[in-house]
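*Asks:* Make a model of the complete structure from these sequences and hints.
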Amino acid sequence: MEIRVQQERFRAGEELDRFTAGVEHAGAVVSFTGVVRDDSGEMAEMVIEHYPGMTEKALREIADQALERWSLADALVIHRYGPLVPGEQIMMVATASRHRKDAFEAAEFLMDYLKSRAPFWKMERGPDGESWVAAKDDDEDALNRW
Amino acid sequence: MEIRVQQERFRAGEELDRFTAGVEHAGAVVSFTGVVRDDSGEMAEMVIEHYPGMTEKALREIADQALERWSLADALVIHRYGPLVPGEQIMMVATASRHRKDAFEAAEFLMDYLKSRAPFWKMERGPDGESWVAAKDDDEDALNRW
Amino acid sequence: MIDVLYFAWVRERIGVPRERLETEATTVAALVEELRAREERYEVAFSDLAALRVAVDQELTGFDASLEGAREVAFFPPMTGG
Amino acid sequence: MIDVLYFAWVRERIGVPRERLETEATTVAALVEELRAREERYEVAFSDLAALRVAVDQELTGFDASLEGAREVAFFPPMTGG
Numbered sequence: 001m002e003i004r005v006q007q008e009r010f011r012a013g014e015e016l017d018r019f020t021a022g023v024e025h026a027g028a029v030v031s032f033t034g035v036v037r038d039d040s041g042e043m044a045e046m047v048i049e050h051y052p053g054m055t056e057k058a059l060r061e062i063a064d065q066a067l068e069r070w071s072l073a074d075a076l077v078i079h080r081y082g083p084l085v086p087g088e089q090i091m092m093v094a095t096a097s098r099h100r101k102d103a104f105e106a107a108e109f110l111m112d113y114l115k116s117r118a119p120f121w122k123m124e125r126g127p128d129g130e131s132w133v134a135a136k137d138d139d140e141d142a143l144n145r146w
Numbered sequence: 001m002e003i004r005v006q007q008e009r010f011r012a013g014e015e016l017d018r019f020t021a022g023v024e025h026a027g028a029v030v031s032f033t034g035v036v037r038d039d040s041g042e043m044a045e046m047v048i049e050h051y052p053g054m055t056e057k058a059l060r061e062i063a064d065q066a067l068e069r070w071s072l073a074d075a076l077v078i079h080r081y082g083p084l085v086p087g088e089q090i091m092m093v094a095t096a097s098r099h100r101k102d103a104f105e106a107a108e109f110l111m112d113y114l115k116s117r118a119p120f121w122k123m124e125r126g127p128d129g130e131s132w133v134a135a136k137d138d139d140e141d142a143l144n145r146w
Numbered sequence: 001m002i003d004v005l006y007f008a009w010v011r012e013r014i015g016v017p018r019e020r021l022e023t024e025a026t027t028v029a030a031l032v033e034e035l036r037a038r039e040e041r042y043e044v045a046f047s048d049l050a051a052l053r054v055a056v057d058q059e060l061t062g063f064d065a066s067l068e069g070a071r072e073v074a075f076f077p078p079m080t081g082g
Numbered sequence: 001m002i003d004v005l006y007f008a009w010v011r012e013r014i015g016v017p018r019e020r021l022e023t024e025a026t027t028v029a030a031l032v033e034e035l036r037a038r039e040e041r042y043e044v045a046f047s048d049l050a051a052l053r054v055a056v057d058q059e060l061t062g063f064d065a066s067l068e069g070a071r072e073v074a075f076f077p078p079m080t081g082g
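Chains as they are written, first to last, in the UniProt record's numbering: chain Z, 1 to 146; chain C, 1 to 146; chain F, 1 to 82; chain W, 1 to 82.
Hint data in this document are derived by calculation from the structure and do not stem from the laboratory. We treat Cβ as the ideally placed atom computed from N, Cα and C, and that holds for glycine. Just so you know, not all the hints are guaranteed correct.
Said to hold, decoys possible - Under the rule of at most 16 angstroms between Cα atoms (straight-line distance), these lysine to aspartate or glutamate pairs were calculated in the EDC-like manner:
| # | chain 1 | residue 1 | chain 2 | residue 2 |
| --- | --- | --- | --- | --- |
| 1 | Z | K101 | C | D139 |
| 2 | C | K101 | Z | E105 |
| 3 | Z | K57 | W | E59 |
| 4 | C | K101 | Z | D74 |
| 5 | Z | K101 | Z | D74 |
| 6 | C | K101 | Z | D139 |
Unchecked claim - Footprint (simulated), chain W over chain Z, 3 or more residues, beta carbon under 8 angstroms:
| # | stretch |
| --- | --- |
| 7 | 52 to 65 |
| 8 | 118 to 126 |
*Replies:* Okay, here's the thing in structure tokens:
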């Protein structure tokens, strides 16, 4: 299991290939990549704040839960912090399993929990100034299915 | 939408980066990669047979259905045929959407339909000779949820 | 005249990947009966229809499907891609 | 003595990312009451507790959590990662 919280950019494809090469006997690899989306077309940048120390711990706990609940060969979580521009990759998760169902479910579980339980906060900077992204009720609701 | 049926190897990571770079306004990208698994440790190779002409058509129909049912920015399907050795990547799908739920669901839908509705057949070669992989009831059942 | 294609173990049992046949059959089921009556290798390949799938002109269909206007019929086991 | 940390708009309203406080409070709720009584910026930051989350020693918890033995308390809005 690899958990990385970093300011530096990463390439999801490169990480995916490395992850896939490292797992034996896993027929199924699922990845999720989150990209900075600029719906208004006016966002200058996104700044991600996090809680050093707690972030790594929270992500590790979430990944541990996934490894307990599903039959996984491995899991990967990468999440950036600091300033990002639209189109940049914010984070990714990857899961590997013998069967696709486990890999898909575990990746969705990781995403749902990461969204609402890992201490990251997004701020958007645009022509009208700065604003903190509000949490969505949907995201909290998504936890109920697990 | 890109559908490729090919004998040549591909690198899932490279394809994922290219796919992600090509979609604007998609905050969420999900990928699935299928890898040749050798459970017995004795498989020499896997040979995938397909039905040229129908294969591309079937994959396109499945991808069209996914694009109709979910709000997707784009979808990618790559499937190989011919001889493969354990550890090689057999196929991949990728989906891009504004929201993770659509991207995840559409990718699972593509996989479920591709498994049971696209004309591919796997044969395994090992020390005891050749055997055709049997379809699993699970895979047929998986279609019922959509 | 119709092209008949076989894949995977159906192809192995029949012994050829495709053949062009003269047939009076108006449904897939009737074509299967014609073939089974022909030679043992067809009888063996088509012994359990529940284990087979069929496509007419590259569309999955049932054994009761009409062959009217069809150019191509394919027989194969359940798919195992992905 | 306890370290109190603030993140995102809570940090902006309080004006500092962290501070070290002397407190008699035995629960998070009591600490919040102490802070609100102190200065207006705290009153503003803690005006709606339903909009806030709290972690004690880097574990998410509720406002009724005990501060016994706690070294670090953090206040922040609901998380928006991913």
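*Asks:* Next, verify each hint and record whether it holds.
*Replies:* Right, here's what the structure says about each hint:
For the hint linking K101(Z) to D139(C), the alpha-carbon distance of about 10 angstroms falls within 16 angstroms, and the restraint holds. At roughly 12 angstroms between alpha-carbon atoms, K101(C) and E105(Z) fall within 16 angstroms of each other, so this suggested pair holds. For a cut-off of 16 angstroms, the pair hint linking K57(Z) to E59(W) stands: about 9 angstroms separates their Cα positions. Restraint check for K101(C) and D74(Z): the C-alpha separation of about 22 angstroms exceeds 16 angstroms, so the hint is violated.
Proximity of K101(Z) to D74(Z) is assessed by CA-CA distance (about 14 angstroms); at most 16 angstroms being required, the pair is judged to hold. For the suggested pair K101(C) and D139(Z), the alpha carbons sit about 10 angstroms apart, so the restraint of at most 16 angstroms is met. Coverage of the stretch 52 to 65 of chain Z by chain W holds. Counting CB-CB distances below 8 angstroms, 4 residues qualify, and the rule asks for three or more. Against chain W, the stretch 118 to 126 of chain Z contributes 6 residues with a C-beta closer than 8 angstroms to a partner C-beta. That satisfies the three-residue criterion, and the hint holds.
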